[in-house]
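Chain order of the listed sequences is U and X.
First residue of the first sequence: 1, per our numbering; consecutive thereafter.
First residue of the second sequence: 1001, per our numbering; consecutive thereafter.
It is worth saying that the hints were derived from the structure and are not from the lab.
Mixed in with the good hints there might be a few duds.
[Unchecked claim] Computed spacing ranges between beta-carbons, pair by pair: (1) X:Pro1199 - U:Ser190: 45 to 55 Å; (2) U:Ala85 - X:Ala1169: 37 to 47 Å; (3) X:Gln1200 - U:Gln200: 12 to 22 Å; (4) X:Asp1177 - U:Gln200: 18 to 28 Å.
[Said to hold, decoys possible] Calculated from the model, a selection of chain X residues having no Cβ within reach of chain U, i.e. all distances over 10 Å: (5) Ala1037; (6) Arg1100; (7) Ile1132; (8) Thr1135; (9) Ala1142; (10) Pro1148; (11) Thr1216; (12) Pro1228.
[Claimed, not checked] Per the computed footprint, the stretches of chain U lying under chain X, defined by three or more beta-carbons under 8 Å from a beta-carbon of chain X, are: (13) 96 to 108; (14) 167 to 179; (15) 210 to 224; (16) 231 to 241.
Even glycine gets a Cβ: it sits at the ideal position worked out from N, Cα and C.
There are 2 protein chains.
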Amino acid sequence: MQQAIAILDSGVGGLTVAKEIMRQLPQEKIIYFGDTARTPYGPRPAEEVIHFTHQIVDYLLQYHPKMIVIACNTATAVAMEKIRARVPIPVVGVIHPGARAAIKTTRKQIVGVIGTEGTIKSRAYEFALRQISPTIQVVTKACPLFVPLVERGMFRADQTSQVVADSLADLQGAPMDCLILGCTHYPFLSDVIGSVMGPQVSLISSADETAREVSTILYHKGMLATSPVMPVHQFFCSGDPLMFKKIAQSWLNEQIRVTPVVWQVSHII
Amino acid sequence: MQQAIAILDSGVGGLTVAKEIMRQLPQEKIIYFGDTARTPYGPRPAEEVIHFTHQIVDYLLQYHPKMIVIACNTATAVAMEKIRARVPIPVVGVIHPGARAAIKTTRKQIVGVIGTEGTIKSRAYEFALRQISPTIQVVTKACPLFVPLVERGMFRADQTSQVVADSLADLQGAPMDCLILGCTHYPFLSDVIGSVMGPQVSLISSADETAREVSTILYHKGMLATSPVMPVHQFFCSGDPLMFKKIAQSWLNEQIRVTPVVWQVSHII
């Protein structure tokens, strides 16, 4: 059996990563876990997010994936190194790919980052950017209202435009030339974010960039899928499967089957 | 001592890769070898290019680099897998990064590739693209006159514009939405190539993309430079050091020291 790429997220946001992996690596089989019962992760304490991430990784490991993609910026910020130290397969997060793409893109050496409260508070993007390019300037802004809008499927509503404009007001006029969408939910809102920020600011989708790096790492490890048979992906979610299915099918433009997963009582916090 | 990234090329073309690595990874020390005495590699038989590449790798290994970047499409096409099998450090070529960037960029699933005769004849880009995305369409064109123009420093001359327009005439009007500059010399001509192809065609520089992947691989292997001291790069060339220095300083916008390397008689073919 073809080994899959396992993708985990706090909810539907990681579908932006899944969609890009499907597009850039059409031969790869994906298993996706959206922890919709416990979304959003952004406002939760780090310890809780770490605990949840370990749980989902344990669940996914029973399917013997060849790689784990933590398609959630909050979980990447606080749990990726711990997961990487624990599992024997490659683990890819969404923060460093976005940081590298921003370094490649910026000419002004000023990069904006928007994300959840957890991601922004962790300063993970600043560390990732400055680890590589110490003189880069970073302007950050937490946008806690974006994830709930996306999880409710409100990608283009009037109310959404207003929330986005208000949230980004501080960043408008800042001299950045690129803005990292530091949350995998945000590409759902990229049309609105792009029109608020204007054409002089390139939007960096951590989803697109992560898919690109998944491709790079699988190639360099000799682990790319070679079967010409089109893969059948698998989706799991811990919350309402109908809501998940509706959003996922609309975003992915294809019919999918969703398997609901119920956390045991001891796991619900 | 900080371990360097070793970059090798048939001449000055690989400086486009070196410049991007300097920009995207400003803390990394680079040692660069331009085989200007034996440029261009494009029209040479594969066996000869393989032999030359092994020679340069041997020369560079005495400096104990942490990674080898084959910044020449022709050498990547015919020698990379052989070098990779022989040396114990990561070896990165310029073909797969360009292919991955094109897959990320194209929406029409039609990709153009220009390169030297050797690169185009090897069909290395087609293999790299189709290994990942089997249904992608690839349109290729060898442009043997471009490298000699660049090696003579003629980046913007009238004659250059005419040669570029004539060489790309077959590709104009083809329904591609991105064009891989499948030779590290070509970014020197990107302004001219861009204006010939028009704004609807995104140019993919294998130089930019390779620098990005060097960053990815060093990060994932825990090999990024951490010293805050700015590195001093080293340059070697086998041909006229003055000509090399002139082109390199103009392209890199900084003063450099060039060490001439003379191949032994048995090595000159």
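Right, here's what the structure says about each hint:
{"no.": "1", "hint": "X:Pro1199 - U:Ser190: 45 to 55 Å", "in the structure": "violated (21 Å)"}
{"no.": "2", "hint": "U:Ala85 - X:Ala1169: 37 to 47 Å", "in the structure": "violated (56 Å)"}
{"no.": "3", "hint": "X:Gln1200 - U:Gln200: 12 to 22 Å", "in the structure": "holds (21 Å)"}
{"no.": "4", "hint": "X:Asp1177 - U:Gln200: 18 to 28 Å", "in the structure": "holds (23 Å)"}
{"no.": "5", "hint": "Ala1037", "in the structure": "holds (32 Å)"}
{"no.": "6", "hint": "Arg1100", "in the structure": "violated (5 Å)"}
{"no.": "7", "hint": "Ile1132", "in the structure": "violated (6 Å)"}
{"no.": "8", "hint": "Thr1135", "in the structure": "violated (8 Å)"}
{"no.": "9", "hint": "Ala1142", "in the structure": "holds (25 Å)"}
{"no.": "10", "hint": "Pro1148", "in the structure": "holds (30 Å)"}
{"no.": "11", "hint": "Thr1216", "in the structure": "violated (5 Å)"}
{"no.": "12", "hint": "Pro1228", "in the structure": "violated (7 Å)"}
{"no.": "13", "hint": "96 to 108", "in the structure": "holds (count 6)"}
{"no.": "14", "hint": "167 to 179", "in the structure": "violated (count 0)"}
{"no.": "15", "hint": "210 to 224", "in the structure": "holds (count 9)"}
{"no.": "16", "hint": "231 to 241", "in the structure": "violated (count 0)"}
Consistency with the previously given hints fails for numbers 1, 2, 6, 7, 8, 11, 12, 14 and 16, ordered from lowest to highest.
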